[in-house]
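Asks: Given chain B's structure and the hints, the job is docking chain C onto it.
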Amino acid sequence: MWQTLVFGILNGALYGIISLGIALVFGIMKYLNVAHGSLIIVGAYGSLFLFRLGVDPFASIPVILVALFLGGAILFLSFFNRLIEFPEAAKIKNSLLIGFGLMLVIDNLATLIWTGDERSMTPSYSGITFQIFGLRLPLIGLSGAVLALLLIFVLHLFLSRTYFGKAVRAVSQDHEAASLMGIDVSRTFLISFAISVSLASIPSVLIGLQSFSPTAGIQWFNKGIIVVMLSGIGNIYGVFPAGLFLGIIEALSVFLFGATYREVTGLVVFVLILILFPRGLLGSGAES
Amino acid sequence: MKDLKKAWITICFVGLLALVPLLTKSEYLVNLLVMFFLYVTLSESWNLQGGFNGQISLGHSAFFGIGALITRLLWISKVPILLALIGGALSSILLAGIVGIPCLRMKRGYFPIGTLGLAIIAQITVGNILPVPGSLPSEYIVGYSLVSRYYLALSVATLSLLVVYFVVRSRMGLAFVAIRDDEEAAEAVGIKTFRFKVKALLISAFLAGLGGGVFAYHQVSYYYQSPFELSWSFLPTLTTFIGGLGTVIGPIFGSVCFLALNELFAFTLGEVHLVIFGFTFVMIVLFVPGGLMSISQKILSLLKYPGRSRGTTTLSN
Chain B
2 MWQTLVFGIL NGALYGIISL GIALVFGIMK YLNVAHGSLI IVGAYGSLFL FRLGVDPFAS
62 IPVILVALFL GGAILFLSFF NRLIEFPEAA KIKNSLLIGF GLMLVIDNLA TLIWTGDERS
122 MTPSYSGITF QIFGLRLPLI GLSGAVLALL LIFVLHLFLS RTYFGKAVRA VSQDHEAASL
182 MGIDVSRTFL ISFAISVSLA SIPSVLIGLQ SFSPTAGIQW FNKGIIVVML SGIGNIYGVF
242 PAGLFLGIIE ALSVFLFGAT YREVTGLVVF VLILILFPRG LLGSGAES
Chain C
269 MKDLKKAWIT ICFVGLLALV PLLTKSEYLV NLLVMFFLYV TLSESWNLQG GFNGQISLGH
329 SAFFGIGALI TRLLWISKVP ILLALIGGAL SSILLAGIVG IPCLRMKRGY FPIGTLGLAI
389 IAQITVGNIL PVPGSLPSEY IVGYSLVSRY YLALSVATLS LLVVYFVVRS RMGLAFVAIR
449 DDEEAAEAVG IKTFRFKVKA LLISAFLAGL GGGVFAYHQV SYYYQSPFEL SWSFLPTLTT
509 FIGGLGTVIG PIFGSVCFLA LNELFAFTLG EVHLVIFGFT FVMIVLFVPG GLMSISQKIL
569 SLLKYPGRSR GTTTLSN
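Sequence lines, in order, name chains B and C. What the first sequence shows, in the working numbering, is residues 2 to 289, in sequence order. What the second sequence shows, in the working numbering, is residues 269 to 585, in sequence order.
The hints are simulated quantities; they were obtained by calculation from the structure and are not laboratory data. Hints may contain errors.
Derived, one-sided and incomplete: chain B residues facing chain C with beta-carbon distance under 10 Å [claimed, not checked]:
#1 I99
#2 L103
#3 T261
#4 V269
#5 V272
#6 L273
Beta-carbon label-pair distances, calculated as ranges [claimed, not checked]:
#7 B:T163 <-> C:I563: 41 to 49 Å
#8 C:K375 <-> B:I75: 26 to 34 Å
#9 C:Y296 <-> B:S125: 49 to 57 Å
#10 B:L140 <-> C:A534: 41 to 49 Å
#11 C:I563 <-> B:I75: 25 to 33 Å
#12 C:F281 <-> B:F165: 57 to 65 Å
#13 B:D175 <-> C:Y296: 56 to 64 Å
#14 B:P88 <-> C:Y491: 41 to 49 Å
#15 C:F533 <-> B:Y126: 39 to 47 Å
#16 C:A534 <-> B:I133: 50 to 58 Å
#17 C:F533 <-> B:H157: 46 to 54 Å
#18 C:I563 <-> B:Y126: 55 to 63 Å
#19 B:S125 <-> C:Y408: 55 to 63 Å
Since the structure is predicted, the reported quantities are computational estimates derived from the model, not experimental observations. Cβ atoms here follow ideal geometry from the backbone N, Cα and C, with glycine treated the same way.
Bound-form chain B, shown alone (with noise of 0.2 Å):
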């Protein structure tokens, strides 16, 4: 019991740090970019590549991303950035639509390219588990919740602290007014785009670690979404606690249904807040 809840905590601070992507593109911009997971996938190949040549998964994140972030860039002047000027219900629906058709392009590319096999990193240290008050905690997930917890922080000061993050605030309240400020918009979606994506290394890594293929995508957008729905759109700093209250409800299903109803758990939490309190469960959900 307390086990299965220590291995629910962990991949709850895993489901955070994935859910922060997508958190704060939908929070800033309304996008709700379900290529997402698959953009995680593509990191982990490339990583899984890097890895082949020698490189530390860990040391290969800052790598990805870079790489991530000029994808999403690209990504973001080639096709979403036609939505900006759409009012909030047509920008999450196309950039849904948009979103979706980009998951079928990457993840079939990515069958084509590295086969449909399932793939994973093993490091010499991927075995390594520590024994406190008789429960395992292993390395990886240990190093993954530390980074969640980094990352948070990072961000946190990125936003609050910085005159772009400021702008980025500025924007997500009311773009309208932040434009007639003299912020430049477009700029401000677009470093926000590539910095969604480019969060997705880290959770490709730590999902490299475990295992995928090039379909697991809209799986770990999945678990991305509920978050975000559980936190409160537009709420960042909630995206941490509830990845791990997503994480802990998983476990415990494990721990009553069984492990096949995992997934199930988690969607009909989402169902049930999507319908009940559209406006998320954390915080009062800061919308315009």
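Replies: Chain C alone, transformed into the frame defined by chain B:
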């Protein structure tokens, strides 16, 4: 007059398709056409809700799947196939009523993602409860005739086409389109928007369930969860957008394109046709909201009135 012409064209077309199994012995062709009818049924059903009522659903695999599941279970427990088909379609309406209606109450813009969640729940649950392949009992396999599948699929596709055509031309169809174009304005002129969204959902689920029933009748052996796979939600979204959202002919056109590409790339790994289709889909969402239908109409009008278009091009040159 125009309606009469349309009716004649439809009758001739369906009549021609009805002759196909008499003229050919090729099982490949007949099977291909059954899949085509299935795609048309599903796409038209999706189009009624997504194209005419503006509610983009990614949960149609659940309606299609439950239709297939219930039809199959009724049919192999010796219920006549037509009754089983109706039972499947009714179960699909029931599912839409229980889980789909709450989704319509979600905040604007969240309907697609909510229905996607439901579709995944349905797939995993059915995969857990019935993890076995559902093969037909041997006495059914002995009496299997492809031709009867063909005619059933053809009739269901024609039925769904007619349903969509007449619903769209009725007062109800006007209300659907009004809600799609501007929900607040529709509400303001006295349309009970929620009630009409429910109607669109239920009719759409009914047709999708019928399509699922045809699938269950046609396939000899399949995993019970395979009609619940998400691709059955993605397929009608793709074909309808690419063919022409909110037109009756568009989904047929899109289905033809999809099947043609599918057959062309059938033997490559990783489904190249989905790469091409996904990319076309993105381009169409961004640049051609009317789909391929609107492009072909533009080309037709260019051919019809060449003078007008030439005039504008010379002006701009």
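Asks: Determine for every hint whether it applies to the structure shown.
Replies: So, going through the hints one by one against the coordinates:
1. I99: This hint holds: I99 of chain B lies near chain C, its Cβ roughly 5 Å from the closest one there, short of 10 Å.
2. L103: 6 Å, holds
3. T261: 5 Å, holds
4. V269: With a closest approach of 6 Å, the V269 of chain B hint holds.
5. V272: 5 Å, holds
6. L273: Where the cut-off is 10 Å and the nearest Cβ of chain C is about 9 Å from L273 of chain B, the hint holds.
7. B:T163 <-> C:I563: 41 to 49 Å: Distance hint for T163 of chain B, I563 of chain C holds at roughly 46 Å.
8. C:K375 <-> B:I75: 26 to 34 Å: The hint (26 to 34 Å, Cβ to Cβ) holds, given that K375 of chain C and I75 of chain B are roughly 31 Å apart.
9. C:Y296 <-> B:S125: 49 to 57 Å: 53 Å, holds
10. B:L140 <-> C:A534: 41 to 49 Å: 46 Å, holds
11. C:I563 <-> B:I75: 25 to 33 Å: 27 Å, holds
12. C:F281 <-> B:F165: 57 to 65 Å: With a Cβ separation near 59 Å, F281 of chain C and F165 of chain B satisfy 57 to 65 Å, so the hint holds.
13. B:D175 <-> C:Y296: 56 to 64 Å: 59 Å Cβ-Cβ, so the 56 to 64 Å window holds.
14. B:P88 <-> C:Y491: 41 to 49 Å: 42 Å Cβ-Cβ, so the 41 to 49 Å window holds.
15. C:F533 <-> B:Y126: 39 to 47 Å: This hint holds: roughly 43 Å between Cβ atoms.
16. C:A534 <-> B:I133: 50 to 58 Å: 55 Å, holds
17. C:F533 <-> B:H157: 46 to 54 Å: This hint holds: roughly 47 Å between Cβ atoms.
18. C:I563 <-> B:Y126: 55 to 63 Å: For Y126 of chain B against I563 of chain C, whose Cβ atoms are near 56 Å apart, the range 55 to 63 Å holds.
19. B:S125 <-> C:Y408: 55 to 63 Å: Hint holds: Cβ distance 56 Å, inside 55 to 63 Å.
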